[in-house]
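Construct the entire structure; sequences and hints are all you get.
Top line first, the protein sequences correspond to chains A and B.
Quick note: the first sequence uses my numbering, first residue 5, plus one each step.
Quick note: the second sequence uses my numbering, first residue 48, plus one each step.
Hints in this document: simulated from the structure, not taken from any laboratory.
As the structure is a prediction and not an experimental result, all values here were calculated from the model.
Misleading hints may appear alongside valid ones.
What the hints assert, rightly or not - Partial list, derived from the structure: chain B residues whose beta carbon lies under 7 Å from chain A: (1) Asp65; (2) Val72; (3) Ile81; (4) Phe107; (5) Ala112; (6) Trp132; (7) Thr144; (8) Tyr215; (9) Tyr234; (10) Thr241; (11) Thr243; (12) Val246; (13) Thr250; (14) Ala265.
As the list claims (entries may be wrong) - Straight-line distance between alpha carbons at most 20 Å, and here's what the computed EDC-like set of lysine to aspartate or glutamate pairs gives: (15) A:Lys13 <-> A:Glu66; (16) B:Lys82 <-> A:Glu87; (17) B:Lys175 <-> B:Glu292; (18) B:Lys175 <-> B:Glu228; (19) B:Lys175 <-> B:Asp164; (20) B:Lys82 <-> A:Glu84; (21) B:Lys82 <-> A:Asp101; (22) B:Lys175 <-> B:Glu157.
Just so it is clear, CB atoms sit at the ideal spot from N, CA and C, and this is done for glycine as well.
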Amino acid sequence: MDLILDALKFVGNSAIDVLPIAVFLFAFQILVIGGRMPNIRQILVGFGFVIVGLGLFLEGLEHTLFPLGRLMAQQLTNPEFLESTRLSVTGVLVWRDYYWVYLFAAAVAFSTTLAEPALMAVSIKANAVSGGAIGVWGLRVAVAIGAAVGVSLGCFRIISGLPLQHFIAAGYLVVIAQTALAPKIIVPLAYDSGGVTTSTVTVPLITALGLGLAEAVPGRSPLLDGFGLVAFAALFPIISVLAYGQLAVLRQKVDLSAIETDDLEEEEDHAF
Amino acid sequence: MKNSLIALSRDALGSLRDLTPIVLVIGVFQIWVIKQPVSGFVSLIFGALLVLAGLTFFIFGLRLALFPIGENLAHSLAKKGSAFWLFAFAFVLGFGTTIAEPALLAVAAEAAAVAVDAGAIAATDEAKANYALGLRLVVALSVGVALLIGVSRILANWSLPVMIIGGYILVVLATTIAPSEIVGVAYDSGGVTTSTVTVPLVTALGVGLASSLKGRNAMTDGFGLIAFASLTPILFVLLYGTILEWI
Numbered sequence: 005m006d007l008i009l010d011a012l013k014f015v016g017n018s019a020i021d022v023l024p025i026a027v028f029l030f031a032f033q034i035l036v037i038g039g040r041m042p043n044i045r046q047i048l049v050g051f052g053f054v055i056v057g058l059g060l061f062l063e064g065l066e067h068t069l070f071p072l073g074r075l076m077a078q079q080l081t082n083p084e085f086l087e088s089t090r091l092s093v094t095g096v097l098v099w100r101d102y103y104w105v106y107l108f109a110a111a112v113a114f115s116t117t118l119a120e121p122a123l124m125a126v127s128i129k130a131n132a133v134s135g136g137a138i139g140v141w142g143l144r145v146a147v148a149i150g151a152a153v154g155v156s157l158g159c160f161r162i163i164s165g166l167p168l169q170h171f172i173a174a175g176y177l178v179v180i181a182q183t184a185l186a187p188k189i190i191v192p193l194a195y196d197s198g199g200v201t202t203s204t205v206t207v208p209l210i211t212a213l214g215l216g217l218a219e220a221v222p223g224r225s226p227l228l229d230g231f232g233l234v235a236f237a238a239l240f241p242i243i244s245v246l247a248y249g250q251l252a253v254l255r256q257k258v259d260l261s262a263i264e265t266d267d268l269e270e271e272e273d274h275a276f
Numbered sequence: 048m049k050n051s052l053i054a055l056s057r058d059a060l061g062s063l064r065d066l067t068p069i070v071l072v073i074g075v076f077q078i079w080v081i082k083q084p085v086s087g088f089v090s091l092i093f094g095a096l097l098v099l100a101g102l103t104f105f106i107f108g109l110r111l112a113l114f115p116i117g118e119n120l121a122h123s124l125a126k127k128g129s130a131f132w133l134f135a136f137a138f139v140l141g142f143g144t145t146i147a148e149p150a151l152l153a154v155a156a157e158a159a160a161v162a163v164d165a166g167a168i169a170a171t172d173e174a175k176a177n178y179a180l181g182l183r184l185v186v187a188l189s190v191g192v193a194l195l196i197g198v199s200r201i202l203a204n205w206s207l208p209v210m211i212i213g214g215y216i217l218v219v220l221a222t223t224i225a226p227s228e229i230v231g232v233a234y235d236s237g238g239v240t241t242s243t244v245t246v247p248l249v250t251a252l253g254v255g256l257a258s259s260l261k262g263r264n265a266m267t268d269g270f271g272l273i274a275f276a277s278l279t280p281i282l283f284v285l286l287y288g289t290i291l292e293w294i
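Structure follows, in structure tokens:
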């Protein structure tokens, strides 16, 4: 019974979030564009699915991933746990002793990014626009790898206490270099992937991880050092998606040379 | 009807595949590393089913509503040929979807706590509420401006890398003058603005616009709006913190 009430509450909240946007879009269509909207029934049904879907999705996360993920972030950054799994022999914990934190950060960022609905939306669109050249799954795995590396590195930054802006500035230098080298078609998509990784599923969990870590590490303030993980999760997918484009070009070159030596083999479209 | 059901079950299978990695990660860490029993197993199973159903419905609705409506409006606006209405649409879409964003509410509240801790504002509820509201307005404004700039770029065919990299150079410069307690908040606010409902609409807007303009490529010109929407909040929040410090 409680769950049904909960479900209604979540769907209601999601309606409150989505309806103003829907009203704005319809009002704009009627007042500015004029005329009837094509497929009006399909669009209304679709909005219904979006509202109910988002509501159930968030309710489900509140019952499963969010409490479990937060609890695990606390347990993994608990001083007793860290003491019992340390690598260094004596004295204060050094950055290496937090290896479970890095692994957990990477695993959680990778898996939650794959389940991020906003990223699915962009991948579906990119796949359609590129005529299938960019794979839905390939793009999402590339983004998830970037998020995993980013969040892991962000945890290292909190533990080591190095300044956030140095990492971010270095990351953007890499992005500049890659932009010059990567195929042009992938660049705008790569820049967009940074923003879409950090959304509904990923942000609550990595924020909890950052705050837990900043509380656990001596000399860190949760308020000052707990922030910043989202920035890492948003930067590194740009690098990994650009790399995905570069790899696809490299792979294509290799394939072309293989075709030259063995022209009986049928050519496959390996672009992305 | 039958086709819809087939599409829906295909989306359900896709969702199942997308959620499996999370289950594996949680399971492996829980069993091998943390080694503590989890309470409320039934509630977990039920919650997992809700996540699965919710994701499936959302993706299904995305194809039915969010993509077509975003693209229709982009095509109609391009056909109408009125730059004013296009800009107005882009700005209101950015501002309106961001001001009510739940993730932004959470970040703004935490940022107010940081500001109190750093002595930037008084430790009263009123001062905190004002600070949080100010921050939300600044971020929403920045996303509205981001979509304006992004749409202008598609119309005028400016270079995306030059603009984005230029923007991040400004971010680095602003970081050096901004008070240190705002830096983490500012960098994080870039990530939280792009929500689950906004992203499909904004993507459809960009792609729809680029595909209805002559000489534009949907792939190289249509994407990039979200990149602006993740950049401008960082810059605006850094400047907001700097200005507040001066006053």
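Open item on the list: When the structure is checked against the list of hints, which entries are broken? Sort them ascending.
Closed with: none
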